[in-house]
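K.L.:
Sequence:
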Amino acid sequence: MSDPRITSSIFTRGAVDLSTLRGPAPASPRPGTPPQGGPSNGAPGAPTAGGNSAIVDVTEATIQSDVLERSMAMPVVVFFGAAGFPESDEFAPVLERLNAEGDGTWVLARVDVQENPRIAQMFRVQGIPMVYAVVGGQPVDAFSGVVPEAQLRQWLQAVLKAGGVAVAEPEDPRLDEADDALMSGDLDAAEQAYRKILADAPADAAATAGLAQVGVARRVAGADPTTAMAAADSAPDDVAAQLLAADIEVLSGLAEQAYARLVGLVRRTAGEDRETVRQHLVSLFSIAGPDDPAVASARRALASALF
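Per numbering that gives the first Met the number 0, the very first residue in the sequence shown carries number 0; after that it's consecutive.
Just so you know, these hints were derived from the structure itself, not from any lab.
From the three backbone atoms N, C-alpha and C, an ideal C-beta is built for every residue, glycine too.
Honestly, I wouldn't trust all of these hints.
[Said to hold, decoys possible] Derived Cβ-Cβ restraints for the label pairs, each shown as a range:
| hint | residue 1 | residue 2 | range |
| --- | --- | --- | --- |
| 1 | G136 | D185 | 21 to 31 Å |
| 2 | A205 | F306 | 23 to 33 Å |
| 3 | D272 | R299 | 19 to 29 Å |
| 4 | Q125 | Q256 | 45 to 55 Å |
| 5 | E89 | Q125 | 11 to 21 Å |
| 6 | F306 | G252 | 24 to 34 Å |
| 7 | A60 | A205 | 38 to 48 Å |
| 8 | P172 | P235 | 37 to 47 Å |
| 9 | A269 | T225 | 27 to 37 Å |
| 10 | Q125 | A234 | 56 to 66 Å |
Construct the complete structure from the given sequences, taking the supplied hints into account.
P.N.:
Here it is, written out as structure tokens:
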């Protein structure tokens, strides 16, 4: 499944005008009546036991306080669904469980589209379930339909970061299994495990790095490092020899040297050879990650070499 987030060409900041839903604050409830926005029968998902304040059922009367105002302090995830619709009934409990795990770092605002059609219209809801993230009083991201839990967790991480919430990267036991297979030399099992993670979460940096390491390990298998490096030194324009030498340097902890080698080769090649070298270098970047200072420097050098 592709990334659930709607691209900026379709969903842009401010495209949903929530200001029209702002109205006068509702009157204070009479003594003995439940507060507006609390769990109610017929709302999407089952009412939360204990009255968890991080989960609210939203109406037009409460959207200002429960969504707009609360989003100024923490991210609010608005879930559009309706009781009796299988996908909605299936997805609501997943969001509720993740909200409980979030321990008050974000609010889950549930909207029953049958009881609140005007809110659904303002958010341009065309099918359920649909989920919006609201930060600072504005929708910042959205997706429709049911997505895998791993992908949903990744989306929530991005929403929390956008809302300024410090989040710890979740541990994925599948990643541990893949790493163990890589370390033991079972490259086929490692590749299969990393690809399975990426099928659920295409932007998973750790799995991307692991898959790149599998590629490096396969390419250097059976090569004699001394012989390979000598061959590269004697043939500076031999693309295959230089790529193998760069792989060996990365595995030897000399990543910066490998980057410089391939950037230089990009400068000296053209056409398909240049593109082969560029792609190889980018795959090596993914092993270290985009925040590595050496990668940032090498990317600038690569851009200069290309343009």
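K.L.:
Are the hints correct? Go through all of them and say.
P.N.:
These are the hints, each one checked on the structure:
1. Here the CB-CB span from G136 to D185 is close to 51 Å, at odds with the stated 21 to 31 Å.
2. Hint check: A205 to F306, Cβ distance near 31 Å, so the stated range 23 to 33 Å holds.
3. A beta carbon spacing of about 22 Å between D272 and R299 agrees with the range 19 to 29 Å that was offered as a hint.
4. At about 53 Å, the beta-carbon gap between Q125 and Q256 stays in the expected band of 45 to 55 Å.
5. Checked against the hint of 11 to 21 Å, the pair E89 and Q125 passes, with Cβ atoms roughly 19 Å apart.
6. For F306 paired with G252, a C-beta distance near 30 Å keeps the hint of 24 to 34 Å intact.
7. Against the hinted window of 38 to 48 Å, the Cβ-Cβ separation of A60 and A205 comes to about 45 Å, which satisfies the hint.
8. Against the hinted window of 37 to 47 Å, the Cβ-Cβ separation of P172 and P235 comes to about 45 Å, which satisfies the hint.
9. For the hinted restraint 27 to 37 Å between A269 and T225, the CB-CB distance of approximately 31 Å keeps it satisfied.
10. In this structure, Q125 and A234 meet the distance hint of 56 to 66 Å, their C-beta atoms being roughly 59 Å apart.
The structure is inconsistent with hint 1 alone, although it conforms to all the rest.
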